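Protein sequence lines, in the order shown, are assigned to chains A and B.
Heads up, the first sequence is in my numbering, so the first residue is 1 and it goes up one at a time.
Heads up, the second sequence is in my numbering, so the first residue is 1001 and it goes up one at a time.
In short, the hints are calculated from the structure, not lab data.
These numbers come from a predicted model, not from an experiment.
Each residue gets a CB set at the ideal place from its N, CA and C atoms; glycine is no exception.
One or more hints might be untrue.
These stretches of chain A come out as covered by chain B in the derived footprint (C-beta under 8 Å, 3 or more residues) [what the hints assert, rightly or not]:
1. 147 to 153
2. 165 to 177
3. 297 to 309
Distance condition first, Cα-Cα at most 25 Å in a straight line; then the derived SDA-like pairs of lysine to any residue [as the list claims (entries may be wrong)]:
4. B:Lys1236 with B:Asp1151
5. B:Lys1236 with A:Ala421
6. B:Lys1217 with B:Gly1054
7. B:Lys1174 with A:Arg444
8. B:Lys1075 with A:Gly275
9. B:Lys1236 with A:Arg150
10. B:Lys1174 with B:Glu1150
11. B:Lys1174 with A:Ser231
12. B:Lys1236 with A:Ile554
13. B:Lys1075 with A:Ser231
14. A:Lys158 with A:Phe228
15. A:Lys158 with B:Asp1056
16. A:Lys276 with B:Asp1151
17. A:Lys158 with A:Pro46
18. B:Lys1236 with A:Lys158
19. B:Lys1174 with A:Gly424
20. A:Lys276 with B:Gly1059
21. B:Lys1236 with B:Gly1216
22. A:Lys276 with B:Arg1181
23. A:Lys412 with A:His379
24. A:Lys158 with B:Gly1054
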Amino acid sequence: MAKAEATLVKAAAGTRGSLAAEYRPRPGTTDEMVGAGGEIRPAWRPLIDRLDQLSRAEIDAHFARADRYLRDAGVHYRSYGDGGSDTREWPLAHVPLLIEDAEWRTLAAGLVQRAELLERVVADIYGDNRLVAEGLLPPQLIAASPEFLRPMVGWPPKAHFLHFLAFELGRGPDGRWWVLGDRTQAPSGAGFALENRVATGRALSDLLTTMNVHRLAGFFRDLRQALFRLSGQSGEGVAILTPGQHNDTYFEHAYIARYLGLMLLEGEDLTVASGKVMVRTVEGLRPISVLWRRLDAGFMDPLELRHESRIGTPGLVEAIRQGGATVVNAIGSGILETRALLAFLPGISRKLDNRDLALPHIATWWCGQDGELAHVLGHLDRMVVGPALATVPPFDDSGGTVLPSSLKKKEKAELIARLRASGGSFAAQESVTLSTMPFYARGRLEPRPVTLRAFAMRTETGWTIMPGGFARVGASADTTAIALQKGGRAADVWIVSSTPVEQITLLPAKGDTAGARLPAVLPSRAADNLFWLGRYIERADGIARVLRAYHGRIAGAPDPRNPALAAIRTGLRDIGVDEKQAIPPALTGSIDAAAGSAGRIRDRFSPDGWLALLDLSKTAHRFAASVTPGDDASRAMTVLLRKLAGFAGLVHENMYQAVGWRFLEIGRRLERALEMSRLTTLLAGPDAPAELLDLLVEIGDNVMTHRRLYKVNAGRLAAIELLALDEVNPRSIVFQLAEIRSQIALLPGRDGGLHAQPVRREALRLYTDLAISRPEEISPERLRAMNHAIAGLSDLIDAAYFR
Amino acid sequence: MKYDIHLQLDYAYRPAVAAGRHLVRVAPANLGPFQRVVASSIVFEPVPVERTEGFDFFGNAMVSVAYRDPHTMLKVGMKARVVVDAPGATLDMSPDLATLRRELGQFLSLAPESPHHFTVGSPRVPLDEEITAYARESVAGPATARGIVEDIGRRIQRDFRYDSKSTEVETPPKRAFELRRGVCQDFSQVMIAGLRGIGIPAGYVSGFLRTIPPPGKKRLAGADAMHAWVRAWCGKEAGWIGYDPTNGTFAGEDHIVVAIGRDYQDVAPIAGILRTSGRQRTSQSVDVLPV
């Protein structure tokens, strides 16, 4: 049979050694590319022909372009294993899944019908409970679900519960598409679908046009409009609510926030005031009108939902009940993901709409009913059995869902006993075989199982389905191993038309231009992280400079009597650095802390800036493992300093110089002022020998300037003039204070500016005090007091803008 | 019986907390003819910037308060006058467990009073095999659901030691069961886990106990703080029945209901108190005097 099919494929392909000819779908399954008669489906023909025109090396080169794009854009997801979590590169399957648009329209119509039904079901669960009263939905199933959020009962949202949905789809052996699960809580993947498209476009760009592939940009344009429409006329206060950078799909949250120009907020950014949802910004509290949540609703409010939640906002539920903000999707919508609920949707559809669901879902039985339990026990070998309240499809469920046919006799008997004892805890589903699609590996195409995630969004005129989606391709031919967490791959989905499609170019622009569309208000937490990013980067720079000077001096045959050595050791120990370590933890720690701050505000960063930080961190850790004190360390510092300067340059040249950038700049300047005042205190005391003054000038990066300005060693006052008082030296203390003062003056006022007055006054005072001083007035005591006051300014900034 | 109730909850924070929002459930409930609130008031110190009142899903009255400025203490004072008219010893109209299960299956409702909310594990009271096995020992004896409830409650009172040092508010019922020790919260949560385990819907009740017993009777345990007991659904006819496992008695005229829920989390007197950071001193006093 398999051989006969292969011959047919070869005949159809007509090319000796073509990719299609070597492709052998498994008998008994549906294949997306090859029809039952062995023919290549028409939609796939141009793609296959195109690939067959290329040599294997050329195909590899094309696909490598897609991978390079994903790496450069920093696309990743987070994977959770036994040993914590780590970030993984995005695993793209390069061959897209192709679907003809006639078939897609049928599928989309079925999804729209389903979305409408789901809306009516969730409205009833949190409303009149007619479905329960009429026996269409068992009350014990709803009441037992942790996603039945009682604080929302009787408080329907103004218009709708559901606005953005995803559906897991699979195609069965009969060639029909089946719904495997509904994602109603906080569906992810739409942003990844977009990235898959951009990446696949890099590999096969001309085909997107010649094959008339439907664009995704229109869907996102409509999505943005829909969210802004929910906010009322203003279009203000639309935000994505993320659980934070440790979430497995945080990258996507930041990506979509950047792409659509929405605020990216965490629970701590929000507060409730007089029944309204507000965001803490550097300009005070600002109203929020729409929250597109990307976290499970249970975590949103520790007062009324999960008490242990540390990522929620106390009082949010009460504010939302009072209509304080629209939540996408409404709190409580997660109940619709309950696996056993699938058993009741067909009956509900018949009752409410007087028709069957056009798009069927995987046959499901809730074992809490005697008749259904008997049926399940009678056909156990054709089922998968799992928790009734599970909210993931069986193939995504790493725990709890079993295939009875694969169980040992004893295990099976135990399962039957559990089903009889507490059937209500279990749902059984027909065991499905997925269709396969071609996956390119090692120069050939192999059939791999595939599921499709489709996305639906409510617009003014009703539900609209993204013309494309997110395909997941199995890591092996085994249909149970599809989950991405288990090493599956993601593929783009092309809906191909026989006629040209609308051309919309909303593809993300390269670089940081998306920043121009960022919302005008800056959340306090983002400002805080930007400020500290600036401080940590500058701190790393300061430590590296001192270390470079030190290791340069101990290289070769150092003079132990050089007073500079002892002074540096003191200077290093003051900030917790042991000079015997070539790359001390304080240095790697500062760089990691910078990356940590940046990681919490990925939406405000260009991929280039982020990758530069990661590279910096990787380099520092690599050095820490290998570099030895002396010349080696000195050269390593030069490398790190160059990379630090590179990052600073990226920020300066590419970051939109809005309020956020000012905080980063203030952070950098403040840290540098602290470091320079500390070093000047240490190295330019009244009796400082020439070696110390040289050291100070070297760390201050001003050797050239110094030599030019002061032909001979002009002593202590000249060094102080240069490093404390020179208004045009970008490393002098007064230069930092001048910059801090002018940036602070440009920050937006809060509460009419009153709140920030102490900050502005202190910045002005610090600058003026120093600017009018003469070098001989700059004593170590004065410098120490100034250092202290600059640290105090940091606290004032914190209190005025970040609380 | 008519009572005057005074509750005082005091929290002292060090260092000061910057802001706070709390949900407070401390006032006696209006339960129609069984418990009528003549008057009640709650006073907060410092005065909150926001104060709203409402009802939760189970119909419990809650007060939400917010503070936006740093504060070093919080005082909640509640005063109420309540008339309790508990039904005396009534006939046992509850069915056997098999009938109870059937009646439950025919109970097509998700209303707050529906027993379906109280049949499975809840956030603070997960089902536990050992507690279920303990409860099941009572099934062999009495023929009715109410009889079983009473038997389990009596056994807990007999087998467990009242010991306020052995457990904390976060102690899971499994731990209290292993220790066979605890306070009213532990006794109640163990009993709830046991009842649910054998198929009797059971919920958590918070409230007050009469402080000084009637002449000739023993002072009840747990009267010096807010109290907790259990309510169990004993079928269509009998409905919800209150049982106090700490004192081994049905809830009666000495029990004043504040809130009902699935477990402590649903009825916590005050939610939103910082537990983890800084140091915090708490004191609680309760007076329940017949008038």
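Going through the hints against the structure:
1. For the stretch 147 to 153 of chain A, the stated coverage by chain B is satisfied: 3 residues place a CB nearer than 8 Å to a CB of that chain, which reaches the threshold of 3.
2. With a threshold of 8 Å between beta carbons, the proposed coverage of the stretch 165 to 177 of chain A by chain B is violated, since 0 of its residues qualify and at least three are required.
3. Three residues within the 8 Å Cβ limit are the bar, and the stretch 297 to 309 of chain A against chain B gives 5, so the coverage statement holds.
4. Distance hint between Lys1236 (chain B) and Asp1151 (chain B) is fulfilled; the C-alpha atoms sit about 20 Å from each other, no more than 25 Å.
5. For the hint linking Lys1236 (chain B) to Ala421 (chain A), the alpha-carbon distance of about 24 Å falls within 25 Å, and the restraint holds.
6. Only pairs whose Cα atoms come within 25 Å are accepted, and Lys1217 (chain B) paired with Gly1054 (chain B) is rejected, the gap being roughly 38 Å.
7. About 57 Å separates the Cα atoms of Lys1174 (chain B) and Arg444 (chain A), which puts this hinted pair outside 25 Å; it is violated.
8. For a cut-off of 25 Å, the pair hint linking Lys1075 (chain B) to Gly275 (chain A) stands: about 23 Å separates their Cα positions.
9. A threshold of 25 Å between alpha carbons decides the hint, and for Lys1236 (chain B) with Arg150 (chain A) the separation of about 23 Å falls inside it, so the pair holds.
10. For the proposed pair Lys1174 (chain B) and Glu1150 (chain B), the alpha carbon gap of about 21 Å is at most 25 Å, so the pair holds.
11. As the CA atoms of Lys1174 (chain B) and Ser231 (chain A) are separated by approximately 47 Å, the hinted pair breaks the 25 Å bound.
12. At most 25 Å may separate the alpha-carbon atoms for a hinted pair to count; Lys1236 (chain B) and Ile554 (chain A) exceed this at roughly 89 Å.
13. Distance check on the hinted pair: Lys1075 (chain B) and Ser231 (chain A) sit about 39 Å apart at the alpha-carbon level, beyond 25 Å; violated.
14. Our distance criterion of 25 Å between C-alpha atoms is met by Lys158 (chain A) and Phe228 (chain A), whose separation comes to about 16 Å.
15. Straight-line distance between C-alpha atoms of Lys158 (chain A) and Asp1056 (chain B) comes to about 20 Å, which keeps the hinted pair within the 25 Å bound.
16. The suggested pairing of Lys276 (chain A) with Asp1151 (chain B) is violated, with an alpha-carbon distance near 50 Å, which exceeds 25 Å.
17. Taking the CA atoms of Lys158 (chain A) and Pro46 (chain A), the gap is about 48 Å. The hint is violated against a cut of 25 Å.
18. Distance restraint check for Lys1236 (chain B) and Lys158 (chain A): the Cα-Cα separation of roughly 37 Å exceeds the 25 Å cut-off, and the hinted pair is therefore not satisfied.
19. A threshold of 25 Å between alpha carbons decides the hint, and for Lys1174 (chain B) with Gly424 (chain A) the separation of about 23 Å falls inside it, so the pair holds.
20. Taking the CA atoms of Lys276 (chain A) and Gly1059 (chain B), the gap is about 24 Å. The hint holds against a cut of 25 Å.
21. With a C-alpha separation of about 37 Å, the suggested pairing of Lys1236 (chain B) with Gly1216 (chain B) is violated against the 25 Å cut-off.
22. Under the criterion of a C-alpha separation no larger than 25 Å, the hint pairing Lys276 (chain A) with Arg1181 (chain B) is inconsistent with the structure, at around 45 Å.
23. For the proposed pair Lys412 (chain A) and His379 (chain A), the alpha carbon gap of about 13 Å is at most 25 Å, so the pair holds.
24. Between Lys158 (chain A) and Gly1054 (chain B), the direct Cα distance comes to roughly 20 Å. Compliance with the 25 Å bound is thereby established for this hinted pair.
Checked against the numbered hints given earlier, the structure breaks hints 2, 6, 7, 11, 12, 13, 16, 17, 18, 21 and 22 and satisfies all the rest.
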